[in-house]
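Q: Model the placement of chain B on the given structure of chain A, informed by the hints.
Chains A and B supply the protein sequences, listed in that same order.
Its first residue numbered 1, the first sequence is counted upward by one per residue in the numbering used here.
Its first residue numbered 1001, the second sequence is counted upward by one per residue in the numbering used here.
Incorrect hints may have been included.
Mimicking EDC-like on lysine to aspartate or glutamate, the simulated pairs with C-alpha atoms at most 16 Å apart in a straight line are [unchecked claim]:
1) B:1259 <-> B:1080
2) A:183 <-> B:1091
3) B:1318 <-> B:1091
4) A:183 <-> A:309
5) A:183 <-> A:435
6) A:306 <-> B:1080
With the C-beta cut set under 7 Å, the calculated list includes, among others, these residues of chain B facing chain A [stated by the list, open to error]:
7) 1104
8) 1219
9) 1224
10) 1232
11) 1235
From the derived model, a few chain A residues whose C-beta atoms are all more than 12 Å from chain B [claimed, not checked]:
12) 34
13) 48
14) 51
15) 215
16) 234
17) 345
Treat the hints as calculated values from the structure; they're not laboratory data.
Cβ atoms here follow ideal geometry from the backbone N, Cα and C, with glycine treated the same way.
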Amino acid sequence: MKRVIVAMLLVLVWLMSRLPVIRTESLEAAGDSSALAALGFVILGGYIAGRCFAGIGLPQVTGYMLTGLLVGPYLVGIFDQVLTNRLKPVEEIALVLIALTAGGELRLGDLRLHLKAISAVLVMQTLIVLVISTAALLLAGGWFIRFSECLDFRQIVIIALILGVMTSANSPSVAVAVITEMKARGRLTNLVMSVTVAKDVFVIILFTLGMTLAHGVMGGTVTGVDHAYPPLPLLVAGSLLIGILAGWLMVLYLKYIGRQVEIAILVMSVVLIQLIHITSLELLLTAIVIGFIIENYSSQGPTLIKSLERISPPIYIIFFALAGAGVNLPLLLEIGLAAVLWAGLRALGIWLGTSVGFWISGEEFRQKPSPTRGLTWLGYLPQAGVALGMASLVAVSFPGWGDNVRTLVLAVVAINQVVGPVGFRYALVKSGEAENQDNRSN
Amino acid sequence: MNPLLILALLVTCAYLGGTYLFSRRGRFGFYTGGVEFLLLGAILSSGTVLHLPKDFFQDLFPFVHIELGWIGLLFGVQFDRRILRHLPAIDWWLMWLKSLLTIAAVSLVGWLCLSVCLKDSSENLIPVVLILAAAASLSSSWTVGIIYNLLKIRTPLVRRLFFISVLDDAPGLMLFSALFFLFAGGGVSDAVLRFIGGSLTGLILGSLITSLLRGRKERGQTLVVLIGSVLLAAGVAYALGIPVIYVTLLSGIVIANSKPRLRDLYPTLAGAEHPLYLLFLILAGALWDPSNITALILALILIATRFAAKWWAFELSKPLVDIQGWGGRLALALVSPGGLTVAMVVNFALFPDRFPLAQLVLDITVWALVILNPLGVMLAKRVLAPVEQS
Chain A
1 MKRVIVAMLL VLVWLMSRLP VIRTESLEAA GDSSALAALG FVILGGYIAG
51 RCFAGIGLPQ VTGYMLTGLL VGPYLVGIFD QVLTNRLKPV EEIALVLIAL
101 TAGGELRLGD LRLHLKAISA VLVMQTLIVL VISTAALLLA GGWFIRFSEC
151 LDFRQIVIIA LILGVMTSAN SPSVAVAVIT EMKARGRLTN LVMSVTVAKD
201 VFVIILFTLG MTLAHGVMGG TVTGVDHAYP PLPLLVAGSL LIGILAGWLM
251 VLYLKYIGRQ VEIAILVMSV VLIQLIHITS LELLLTAIVI GFIIENYSSQ
301 GPTLIKSLER ISPPIYIIFF ALAGAGVNLP LLLEIGLAAV LWAGLRALGI
351 WLGTSVGFWI SGEEFRQKPS PTRGLTWLGY LPQAGVALGM ASLVAVSFPG
401 WGDNVRTLVL AVVAINQVVG PVGFRYALVK SGEAENQDNR SN
Chain B
1001 MNPLLILALL VTCAYLGGTY LFSRRGRFGF YTGGVEFLLL GAILSSGTVL
1051 HLPKDFFQDL FPFVHIELGW IGLLFGVQFD RRILRHLPAI DWWLMWLKSL
1101 LTIAAVSLVG WLCLSVCLKD SSENLIPVVL ILAAAASLSS SWTVGIIYNL
1151 LKIRTPLVRR LFFISVLDDA PGLMLFSALF FLFAGGGVSD AVLRFIGGSL
1201 TGLILGSLIT SLLRGRKERG QTLVVLIGSV LLAAGVAYAL GIPVIYVTLL
1251 SGIVIANSKP RLRDLYPTLA GAEHPLYLLF LILAGALWDP SNITALILAL
1301 ILIATRFAAK WWAFELSKPL VDIQGWGGRL ALALVSPGGL TVAMVVNFAL
1351 FPDRFPLAQL VLDITVWALV ILNPLGVMLA KRVLAPVEQS
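Next comes chain B alone, as it looks inside the complex:
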């Protein structure tokens, strides 16, 4: 049977199964954010159920680049300074505090653990540990989004937490981009050139999208421009060895801050992402090695570290925030990682000769997602629901 046909059928089965068995509305208490597709990818690549050709997943790698670009754009268009400037200053401080604490804690614990596990304390570990830390600093806004939109818990606390969960990805993404530029091989001049090339591409594409879509209303036309731009960004980034998320993130920020505001862009981007995201998760699952027990143990340790860092950040900010229910336990609502975290580590895993331990980072991150994602909403609900009742 043709592998493409198998994939098409499996995606359909996984989609229908995910929707109707577990349901995004939490029929059995679980809210799947795509874990079923990660598992599907892992099962397919293991060859236990179906024997797929070796290069099957490799042929689909260009889709990963496209999805990474799409995620970057989707994230970038949320950075509209006209909205962000209305946020209280304390949220910005909290964002930095929470991210920096997480990065510091995960870096330290991660370095200690990896030194012991791999019996290596060389400087090879530095980029690996920092990638882990950058990935750990991100929170999934999906969990809080479910609480707000589906469970209809619409308190000021939930609203505030949602903005923080979106904002706190920024420091992690900055660190991720810096790591990519610095450790992708070559000297400092190469890193600077990459940075300039990537930034210019992002800015030019952002301007192009803005000028092409100004005054356009039809969704089909918007999609054409977005798909073309993301493909171009993915190709340029891939060729230059720079992270495609960085390029499209910049484009997104340019678009978000353009005049007049392109209001219908975000829904179009989010709506069209679904098939790409499913495919991306399947491929990420295929890259994941679930037999790596070291990765599982490290994932559990890092989940605990991450939770502790976020808990501490919320506790530290408690005297400054005048909202009922604010405190360390809110860390439970933001403990689940999201698709952006996986996207980030997959980006490294696509360049294995530049980042030799990228596979381990990917395994740890996917384990964390598989463990926490189905529980994320349940945990968040535990923290946020009593506040609403009171």
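One chain only, chain A, in its complex shape:
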């Protein structure tokens, strides 16, 4: 029965997407109606796909993304570019909610306990991925990236460094989504969250340095870069300051008003997004700080997390469906083999970096036998927004090789979007940290 209803809905929406102006007053109204119906269909479709995926032991996030891919511009075409642009505010609000959750999951006590491991894994992962990227590009650069211009050794090294930084980036959004879905708690969860969030900041810093270096050596253009970062210290300090202020304001609201928390969170998200647009600061970092302040410097953390859990599911579906719809399928098919190989090299670098990091800190071997041993690296596979943003910046700044680098990054991110959540879910289940090991029963 459920299948029949879903099939009927599919036909209904498909007809609507094909004949939007039949009974509407204007093209604008047709656009609105199609957008509403498409959004509704994606939420329902994503939900059903998520349940089906959970039923076969895969993360729901992957189901949402594949729904987005299915209805995206390269297949069914319900989610077109116009609709994607109109949903930009939803995407940004989702990012804030994800970052708030990420910040709320970072507990000062856990951070102190694992500080050595976190820093060692963070540094070693980035370093080893950078080394592997540079080596691969020097040995077989032409196979991964078709350079049109003639580049010397120094220039290739710089490109490799920039590509390496982008390659090592993780995805806090996917990590948060999988952790929330699995209701995971424990050492592996803490380590993955902490390193992923810290790496987000670390990678932005390295990327800014890399870009400065590249501009010095290769020139390039900075015109047309819409979201150029302010000077690095200002970026970090400004984001921290706004995050702390907003965090305390939120604490005061939760403590003294404490009503309609969901509305307050949404309003705060909208205000924060506008503020970040004006100041060009880092949205993710700011929102993470807000969540961190609420969790660690007040007793309102559980209220925040509960409210976030209530409002975030529909927004998550739209966010990840949009991410799926953004996967450039023809491009992925065109450079598929190179992208798969690069994603493999990235996974190798992450595994090596994690293992070396744990070995240096002695964390993994402190308790024997550790249920998380050999699994933590899987949590660092997901990759999404940050890498895509940086790739776009490279393409705009360095037309030519920048476009080719972006192409490779887009394809690699597409692979990691699908593979990453699956790997992380497996790690959480295997380590016993997932409360929702079989969420078919929910």
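A: Chain B alone, transformed into the frame defined by chain A:
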């Protein structure tokens, strides 16, 4: 400053102001049911305080469709036949009597007034008058709800009145849907097609929601399914030119009568409606033209007519109801219109080329709400409190 930011800040200010200055608990004797947001919308759209871009409110219209769908669903899930069949037959008769009397009286007075005001007695007035009548036949259960829940006046009379205030929306909604199908342009065959399309969509969505939510407990998952369904219904209804309230109302009725009963659905729906409802009221306020004095005069006349019709209905039913305090004065408790009334007329106002006088209907209805809503609880308390004391 970004308009979205302005709206976000204003919603916060209006919410906090409404909660802490006037308070839903009637700190100064007023119980605001959202009038503050209607006024905020009117002030914003007038451009006197802030100059917002012209298309600012138009960009937010999809939210109106979503809210209309949500209201329909919220209303529909209350029609559970397993509960309704326990109601005394006299309540059903009273519901029909009260609604039909109101519809007849408001239609007649409305037609006379509009003919004089607009110097037009053509058949263009018929849909307008009937929309007004359908809107006037609805009563706000919110007022009686406040009396019961917040003021703790829990007599059999209040309980009975609450059920009647919920039930008596049904005839008005039926008339509203019929008007939409009949007067939305095209011939009878188009109206029939619209009716079939709308009904099928409502039934399918209702079945889908029921099958997806069966056995689910988490509020987040329930919200996902509800939001997805309402968006889909709103899009389909908008595209087909049918009222979204009708589509989701049907879905709600299907859900309410499914087996096993989805018990936690109503609280989830009601709880999540708040932000949408606030936005909806702001947009309704933005559509409202408070400078239309004709609308104000007509609103006052129609309030009086509406009250008289309800008073008469209660008086007529007096010999049949064996409850102390039953009588015409109970009409005071049900005189305040609610959000559903505004939702209904906004639905027409969204299609101005099909319903040319929809703006006038909207102005009249919003005036009535602005006048009566803050007084609604006070009036109801006057009627219901002495009975409790005696």
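Q: Work down the list of hints and note, for each, if the structure agrees.
A: Status of the hints after comparison with the structure:
{"no.": "1", "hint": "B:1259 <-> B:1080", "in the structure": "holds, 11 Å"}
{"no.": "2", "hint": "A:183 <-> B:1091", "in the structure": "violated, 49 Å"}
{"no.": "3", "hint": "B:1318 <-> B:1091", "in the structure": "holds, 12 Å"}
{"no.": "4", "hint": "A:183 <-> A:309", "in the structure": "holds, 11 Å"}
{"no.": "5", "hint": "A:183 <-> A:435", "in the structure": "holds, 5 Å"}
{"no.": "6", "hint": "A:306 <-> B:1080", "in the structure": "violated, 31 Å"}
{"no.": "7", "hint": "1104", "in the structure": "violated, 33 Å"}
{"no.": "8", "hint": "1219", "in the structure": "holds, 6 Å"}
{"no.": "9", "hint": "1224", "in the structure": "holds, 5 Å"}
{"no.": "10", "hint": "1232", "in the structure": "holds, 3 Å"}
{"no.": "11", "hint": "1235", "in the structure": "holds, 3 Å"}
{"no.": "12", "hint": "34", "in the structure": "violated, 7 Å"}
{"no.": "13", "hint": "48", "in the structure": "violated, 7 Å"}
{"no.": "14", "hint": "51", "in the structure": "violated, 8 Å"}
{"no.": "15", "hint": "215", "in the structure": "holds, 31 Å"}
{"no.": "16", "hint": "234", "in the structure": "holds, 22 Å"}
{"no.": "17", "hint": "345", "in the structure": "holds, 37 Å"}
Checked against the numbered hints given earlier, the structure breaks hints 2, 6, 7, 12, 13, 14 and satisfies all the rest.
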